[in-house]
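Engineer: As given, the protein sequences belong to chains U and P, one line each in that order.
Under full-length UniProt numbering, the first residue of the first sequence carries the number 1, and numbering increases by one thereafter.
Under full-length UniProt numbering, the first residue of the second sequence carries the number 1, and numbering increases by one thereafter.
Note that these hints are calculated values from the structure, not bench results.
Any given hint could turn out to be false.
The list that follows gives simulated cross-link-like pairs (lysine-lysine, PhoX-like), each with its CA atoms no further than 25 Å apart [as the list claims (entries may be wrong)]:
(1) P:Lys24 - P:Lys78
(2) U:Lys87 - P:Lys240
(3) P:Lys24 - P:Lys80
(4) P:Lys131 - P:Lys271
(5) U:Lys87 - P:Lys194
(6) P:Lys78 - U:Lys87
(7) P:Lys187 - P:Lys131
(8) U:Lys66 - P:Lys194
(9) P:Lys240 - P:Lys194
(10) P:Lys187 - U:Lys87
Residue strings, one per chain:
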Amino acid sequence: MDFLDIVSSILLLAGVFFGFSGAVGLFRFPDFFTRVHAASVTDSIAAILIIGGLLLQTSFDLNTAKLVFILLFLLVTSPTASHALAKSARHGGLLTLAETSPQDKQESAK
Amino acid sequence: MAEFIDLVLLAMLALTALRIIFLKDLFAVVMLFGIYSFLSALIFVNLDAVDVAFTEASVGAGISTVLMLVTLAMTGRKEKQSTHSTILPLFVVLVTGAALIYGTLDMPPFGHPDNPVHQHVAPRYIEESPKEVGLPNMVTSVLASYRGFDTLGETVVVFSAVIGVLSLLGVRRTKKKDLESGLETHKVLHVVSKIIIPLVILFALYVQFHGDFGPGGGFQAGVIAAAAFILYALVLGLPKAFAVVGPKFLQWMAAAGVLLYASVGLYSMYKGGNFLDYNTLAADPIAGQHYGIIIIELGVGITVFAVMLNIFYAFGSQAERSNIQ
């Protein structure tokens, strides 16, 4: 196995791990905002790692350029989508977990 | 490995379909439809049908999700409670399903090279199309040249869709004094959209004119270009989008695309060939095929773009009116 192949597999596996942890967070986190947070943050790092891993699998030709374009597109659009989602929820009157249960908030402040 | 991926994808497809049936929240159903289309696109990629996958991803997951969401903005997001009994429909569905499964028992083995589907016209397309049409992407050769008449029919179907929507709903003229429908407070969306929209249009043009050499073509390009303008309309509001491309202009564009397509056919008849026989368009038959395919793909792209955007305008302006009232 080539050195690049090993690095590429490590990147891909790390990307899969972060993608999976994002999915777990999406299911396990308590409210909307924490879920969006889990999904969006892990999504960005997973996209970087997976496309980075795929970049090392190409022979550095046109496909490399296309993958770089896809990565740039994802890096711009995916956080924007999460931001718009969270902002719309906020605008629609959804409260965060801390705001809906003031007692917990006081306790955590102590 | 490919079979394993297929099985996983098909299982996810079935789960998504079941979830769609039992959910009452139509907003979630629309999202699941998008997921369903993406899963189908992945299956098509796994079957090496990248052109179909591209269409499914851009049309099924992209534009139809947006159109269904705008419809929900007009109609509300809860499914109407059904009062019918479910016994008879269930019986009909079970019998039909059993008949279909019984029908598959006589099918030839999956993927076998001696199957009728691989013996009829496919060998000719594969062997002769590089000589007769000369395009690297055989899907475009078949779609635009061998089956050019079918594709003309599909373009007319898309065109008649917009006629139906416009005659039922019509696009309501938005006036200057109407309340701002754009997402004025979303500054991040504004900035990012302004960066993204030109790139999306550039990509649509690439897909349009690169369809001869790789996956893509008029249908996908038209939908992607329409998606760019829909993003503009969503972020900055319908009145500003009308100022860029008005609904009246789009109606002319939709008709112009179909006319461009059909006039290529008539011109080839004028030059002494059959309808849509591109060999007569130039002295060299291969060059004639190239001209014909580029022009009719452009016609398809123009029509699909204009139709998709106009349907969005029609739905969007109605939804806006019901929100104002």
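Engineer: Hint by hint, say whether it matches the structure.
Structural biologist: Do the hints match the structure? See the list:
Simply put, Lys24 (chain P) and Lys78 (chain P) have alpha-carbon atoms about 6 Å apart, close enough for the 25 Å limit, and the pair holds. At most 25 Å may separate the alpha-carbon atoms for a hinted pair to count; Lys87 (chain U) and Lys240 (chain P) meet this at roughly 23 Å. At most 25 Å may separate the alpha-carbon atoms for a hinted pair to count; Lys24 (chain P) and Lys80 (chain P) meet this at roughly 8 Å. As the CA atoms of Lys131 (chain P) and Lys271 (chain P) are separated by approximately 22 Å, the hinted pair is consistent with the 25 Å bound.
Pair hint Lys87 (chain U) plus Lys194 (chain P) holds up; C-alpha atoms about 19 Å apart against a cutoff of 25 Å. Between Lys78 (chain P) and Lys87 (chain U) the CA atoms are separated by roughly 24 Å; this keeps the pair inside 25 Å, and the hint holds. Under the criterion of a C-alpha separation no larger than 25 Å, the hint pairing Lys187 (chain P) with Lys131 (chain P) is inconsistent with the structure, at around 54 Å. Restraint check for Lys66 (chain U) and Lys194 (chain P): the C-alpha separation of about 21 Å stays at or below 25 Å, so the hint holds.
Between the alpha carbons of Lys240 (chain P) and Lys194 (chain P) the distance comes to roughly 14 Å, so the proposed pair stays at or under 25 Å and holds. Using a Cα cut-off of 25 Å, the hinted pair Lys187 (chain P) and Lys87 (chain U) holds, with the two alpha carbons roughly 11 Å apart.
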